[in-house]
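Number of protein chains: 2
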Amino acid sequence: MTNGSLKKTTVLDTEILHPSLAIRTKEPPNPEALGLQEELPGWHGYLEWEKYPERKKEIKEYMKKFDFPGAPEFQLVPLPKTNPILEGVRWKQYHYALGKAARDIPAESWLFVEKEKSPDMIHVLQFPYNGEPPRDRLVATSITRNEDHFVRNHGGIPEIDEEKYFFDVEGLVNNPRRITMRELKDETLFPRQSTVVTIQCSGTRRIEQIHEYPGDGDELINAPWGEGAIGTARWTGVSLKKVIKYCGGLKDPSAANHVEFLGADTYFKKGEVYNYAVSAPWRKVKINEVLLAWEMNGKPLPKIHGFPLRVVVFGYIGARSCKWLTRINVIANPSMGPVQQKEYLYYNSQVGKQNASYSSGFSIQDMPVSSAIMSPLDMDQVIHDGKIKMRGWAYSGGGHWPVRVEASGDGGSVWYEVPYQNLSEKYFHAWRLWEIELPVDAEGWLELVVRCWDNALNTQPTYVRSAWNWDLHVTSSCHRVKVFSINRTRPKTAAKLKMFEKMGVPFLPITQPGEMDLEDEESYLREMEARGGRDPVE
Amino acid sequence: MTNGSLKKTTVLDTEILHPSLAIRTKEPPNPEALGLQEELPGWHGYLEWEKYPERKKEIKEYMKKFDFPGAPEFQLVPLPKTNPILEGVRWKQYHYALGKAARDIPAESWLFVEKEKSPDMIHVLQFPYNGEPPRDRLVATSITRNEDHFVRNHGGIPEIDEEKYFFDVEGLVNNPRRITMRELKDETLFPRQSTVVTIQCSGTRRIEQIHEYPGDGDELINAPWGEGAIGTARWTGVSLKKVIKYCGGLKDPSAANHVEFLGADTYFKKGEVYNYAVSAPWRKVKINEVLLAWEMNGKPLPKIHGFPLRVVVFGYIGARSCKWLTRINVIANPSMGPVQQKEYLYYNSQVGKQNASYSSGFSIQDMPVSSAIMSPLDMDQVIHDGKIKMRGWAYSGGGHWPVRVEASGDGGSVWYEVPYQNLSEKYFHAWRLWEIELPVDAEGWLELVVRCWDNALNTQPTYVRSAWNWDLHVTSSCHRVKVFSINRTRPKTAAKLKMFEKMGVPFLPITQPGEMDLEDEESYLREMEARGGRDPVE
Numbered sequence: 001m002t003n004g005s006l007k008k009t010t011v012l013d014t015e016i017l018h019p020s021l022a023i024r025t026k027e028p029p030n031p032e033a034l035g036l037q038e039e040l041p042g043w044h045g046y047l048e049w050e051k052y053p054e055r056k057k058e059i060k061e062y063m064k065k066f067d068f069p070g071a072p073e074f075q076l077v078p079l080p081k082t083n084p085i086l087e088g089v090r091w092k093q094y095h096y097a098l099g100k101a102a103r104d105i106p107a108e109s110w111l112f113v114e115k116e117k118s119p120d121m122i123h124v125l126q127f128p129y130n131g132e133p134p135r136d137r138l139v140a141t142s143i144t145r146n147e148d149h150f151v152r153n154h155g156g157i158p159e160i161d162e163e164k165y166f167f168d169v170e171g172l173v174n175n176p177r178r179i180t181m182r183e184l185k186d187e188t189l190f191p192r193q194s195t196v197v198t199i200q201c202s203g204t205r206r207i208e209q210i211h212e213y214p215g216d217g218d219e220l221i222n223a224p225w226g227e228g229a230i231g232t233a234r235w236t237g238v239s240l241k242k243v244i245k246y247c248g249g250l251k252d253p254s255a256a257n258h259v260e261f262l263g264a265d266t267y268f269k270k271g272e273v274y275n276y277a278v279s280a281p282w283r284k285v286k287i288n289e290v291l292l293a294w295e296m297n298g299k300p301l302p303k304i305h306g307f308p309l310r311v312v313v314f315g316y317i318g319a320r321s322c323k324w325l326t327r328i329n330v331i332a333n334p335s336m337g338p339v340q341q342k343e344y345l346y347y348n349s350q351v352g353k354q355n356a357s358y359s360s361g362f363s364i365q366d367m368p369v370s371s372a373i374m375s376p377l378d379m380d381q382v383i384h385d386g387k388i389k390m391r392g393w394a395y396s397g398g399g400h401w402p403v404r405v406e407a408s409g410d411g412g413s414v415w416y417e418v419p420y421q422n423l424s425e426k427y428f429h430a431w432r433l434w435e436i437e438l439p440v441d442a443e444g445w446l447e448l449v450v451r452c453w454d455n456a457l458n459t460q461p462t463y464v465r466s467a468w469n470w471d472l473h474v475t476s477s478c479h480r481v482k483v484f485s486i487n488r489t490r491p492k493t494a495a496k497l498k499m500f501e502k503m504g505v506p507f508l509p510i511t512q513p514g515e516m517d518l519e520d521e522e523s524y525l526r527e528m529e530a531r532g533g534r535d536p537v538e
Numbered sequence: 001m002t003n004g005s006l007k008k009t010t011v012l013d014t015e016i017l018h019p020s021l022a023i024r025t026k027e028p029p030n031p032e033a034l035g036l037q038e039e040l041p042g043w044h045g046y047l048e049w050e051k052y053p054e055r056k057k058e059i060k061e062y063m064k065k066f067d068f069p070g071a072p073e074f075q076l077v078p079l080p081k082t083n084p085i086l087e088g089v090r091w092k093q094y095h096y097a098l099g100k101a102a103r104d105i106p107a108e109s110w111l112f113v114e115k116e117k118s119p120d121m122i123h124v125l126q127f128p129y130n131g132e133p134p135r136d137r138l139v140a141t142s143i144t145r146n147e148d149h150f151v152r153n154h155g156g157i158p159e160i161d162e163e164k165y166f167f168d169v170e171g172l173v174n175n176p177r178r179i180t181m182r183e184l185k186d187e188t189l190f191p192r193q194s195t196v197v198t199i200q201c202s203g204t205r206r207i208e209q210i211h212e213y214p215g216d217g218d219e220l221i222n223a224p225w226g227e228g229a230i231g232t233a234r235w236t237g238v239s240l241k242k243v244i245k246y247c248g249g250l251k252d253p254s255a256a257n258h259v260e261f262l263g264a265d266t267y268f269k270k271g272e273v274y275n276y277a278v279s280a281p282w283r284k285v286k287i288n289e290v291l292l293a294w295e296m297n298g299k300p301l302p303k304i305h306g307f308p309l310r311v312v313v314f315g316y317i318g319a320r321s322c323k324w325l326t327r328i329n330v331i332a333n334p335s336m337g338p339v340q341q342k343e344y345l346y347y348n349s350q351v352g353k354q355n356a357s358y359s360s361g362f363s364i365q366d367m368p369v370s371s372a373i374m375s376p377l378d379m380d381q382v383i384h385d386g387k388i389k390m391r392g393w394a395y396s397g398g399g400h401w402p403v404r405v406e407a408s409g410d411g412g413s414v415w416y417e418v419p420y421q422n423l424s425e426k427y428f429h430a431w432r433l434w435e436i437e438l439p440v441d442a443e444g445w446l447e448l449v450v451r452c453w454d455n456a457l458n459t460q461p462t463y464v465r466s467a468w469n470w471d472l473h474v475t476s477s478c479h480r481v482k483v484f485s486i487n488r489t490r491p492k493t494a495a496k497l498k499m500f501e502k503m504g505v506p507f508l509p510i511t512q513p514g515e516m517d518l519e520d521e522e523s524y525l526r527e528m529e530a531r532g533g534r535d536p537v538e
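Chains A and B supply the protein sequences, listed in that same order. Take 1 as the starting number for the first sequence in UniProt numbering and just add one per residue. Take 1 as the starting number for the second sequence in UniProt numbering and just add one per residue.
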């Protein structure tokens, strides 16, 4: 980060850093006494924790001195109509509390959002940055533009000099080694792999669970995602399998082996500090479905997406695709890092604050079949001529792919198949976009629904309730939007619309009463006579 | 109204009258040129319209000069968190526009709310006043206290001197006549009738329709009622049948005959002005189910409820129970007053702004079977020992009565019968209160549901959607509340609750994360081993 941008962060301090900390101890804590420093030259914003257990203990005690605010209440009350929707005050304060080496990370990270993402992103959480693109643009192209690709970060964004960059391969490999970017890009050492892969956050469509049944407030806020926490890119780099081979292969191959990834970002959980750490099973690496990528759609990775190097685990929850990779660690079992052990767990619907334990949730790795309607939007009032055009995405993880997409205009009783011509290309690891002209005769409020079948005949749960879970993950139930249908092929409707047009009064929204009377007295009386009056004859 | 209270209205002007009118004409309209005056001495706030067709025409033209604001948008956005919830700005302005004789009516009416109703009423609409009592008090007694009885007014509240009060009986009776209060109370002329009757507004529980499917914005705002637009009182007065007999009986008895009631309040519809007017069929009068009442639970009618005399039509929608009665008019067919002809219509679910006509809706007279859960409330998080206590009301109109009430803890699959001991007394025309200790084993979000069966085996539609209608009337579907169940008879739950208690940290709301870790590492690893690890063995 240059001095110039540091200056800008100073300006931003008062706006977004919320540096005022309510301190519980009588003596104000002195963050500089911690002596925290960036780990390496050229790795701005990178603090190493996992190599220094004593430091972690010290920080745990130190953090107890602060009275950080509770999780914001946005589940039992309506969401704020702001963008960013949520600010991440607590996480900004965690960083601020650590002193000079960390305090500017939230503000600096926000500058990358402004620089690298579309200006009209929906900022679900300002820090750590979580954002999704506007719905119409998400399904405009089957390969998502880099600036529109959703971001779900778990900490700040480090700025790493590629020339100074390397990662270490450690643990149960025969020859642990340090690999530089230059080596990795050397095609005489490593063949290139380039694959179209959809990455999806398990929080996609969480807002539906929140609306119906609020859940875990979480340390890092269960962000209220819409349908846009998903994106597709062509990722280019080297298969992790080749890198492990380059390190002499596994010491003790077994089905239990996991490959752990550590990132340069800082993660907090229950008052403790960590580097981001997750893992994927060796089986997944073995079939070349774990990529170390430096290119996203033919361009260098944006900083916000993990520059200079990130992991891409095909068909898995996005959380495993570690950014700003610092270490690869082959271990006997899944990572004990909190993101792997304590987060992204899928609980039975009777689990909640009163009885949740990490072991009782299963770990979300492969993503299930799901889909979403991106147009029309929920609560839209659609004037049409007997057909409503619907558009959206459909996806299945774990190497499965969408083979059929179906839409319903009646809440899920009658299903229409999306014509195969209207489905985008098939990939083993990517979504398919779809559109359909859904025949709709009925007027009034209708529930438009979509569901996808994947090649293993998996389809989606019926209702949000069917798959509600305490941590509000994987809202993969049939996606439903309510629309008010106004069918212009019906004479009475056509006449009424014409009348509004003639008067120059907008017809929508439907909740605004029109100025004209609905029926004149003469016609009313004639109609009532035809109907035999209001009451029986005798 | 005394000078004293008029003074107070002046103070209130700026707070609640919103007298600023955007005027479309170049010349500001002069309301005093209309020369409107109160109709009768001792009848403060009573303007007569129906006897003066020329005046009505004049007002229609005059009202066109104003650019009154549109209906407030509260259906497609969340309701304001204020009490009053809605203000009724347009209706205040309509009155203001009419000049001196009408401009203070909104402020004066509000003084009656403050004087006659409980201070903690939920003011759904400030003017015309619409309000309901807090939920717990509504089901505290099977006879509703006068100050807690809901109010759904359609205009301002006149203040009528009982000594000066009379009403006229006109139309198809053999001897039209004027009857004073003194005559009506003369037991040598009219025998008394005293009956326990539930009055219900067809808007009860409208908020559920609004939440799921917004509808007609309406002239007078389809107020966002909860479950409290219902109340029960012992009404005392004279059967209308006796009064008609006193007037020589019907001129031309026929099944089609209706008896029209006119009130002293002013009603607006589509830019025209009216006196409140509705009707009930002669058949209903004939069986002594239409009462002219001056007593409510042994006390004189409160002003806000129609003092000195109102109609009470048993088992019908409250709208027919005309307040501040000025005239009774026997007519050949239902009233053509806008409240009867153009309001309180029940449409097919495909009818909306694009095709609604008055004749295509049927008129709401008899109220159907319905019920509501008044405790627990929607979104409550209930800590219990295997049983959740539910309380509420059940009602059926048209002379039917609740014979069975059933509750479900699983969204309506398994139903428990409310023990007959827990149902309040049976009346032909009143609700029954109920309570049940519902056996609940499950934890997490549950849908508690209630339904009622009446003596004709009618029961309620299943979902809000089953009976959605454009004017958002009669939300009589099975009432559902979502509660998060925390069952303390389960050891894991009991232990967690104890832990919170010991730490002195409140357990609720569930969306606030606890500070403690969910599971220690040792127990996690032991559990995972018992479960055979995260991944398959081979």
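Everything labelled a hint here was simulated from the structure, so no lab data went into it. Nothing here was measured: the structure is a model prediction, and the numbers come from that model. The beta carbon of each residue, even a glycine, is placed where N, CA and C say it ideally should be. One or more of the hints may lead you astray.
Stated by the list, open to error - The calculated label-pair distances, taken between Cβ atoms and stated as ranges, are: (1) A:58 x B:387: 48 to 54 Å; (2) A:67 x B:495: 22 to 28 Å; (3) B:502 x A:161: 48 to 54 Å; (4) A:414 x B:509: 36 to 42 Å; (5) B:69 x A:533: 34 to 40 Å.
Now the hints, each set against the structure:
1. Evaluation of the 48 to 54 Å hint for residue 58 (chain A) and residue 387 (chain B) yields a pass: the beta carbon distance comes to about 50 Å.
2. Between residue 67 (chain A) and residue 495 (chain B) the CB atoms are about 27 Å apart, so this pair conforms to the stated range of 22 to 28 Å.
3. Look at residue 502 (chain B) against residue 161 (chain A): about 50 Å separates their beta carbons, and that is inside 48 to 54 Å.
4. Between residue 414 (chain A) and residue 509 (chain B) the beta carbons are some 40 Å apart, a value that agrees with the proposed interval 36 to 42 Å.
5. Taking the beta carbon of each, residue 69 (chain B) and residue 533 (chain A) are about 38 Å apart, inside 34 to 40 Å as hinted.
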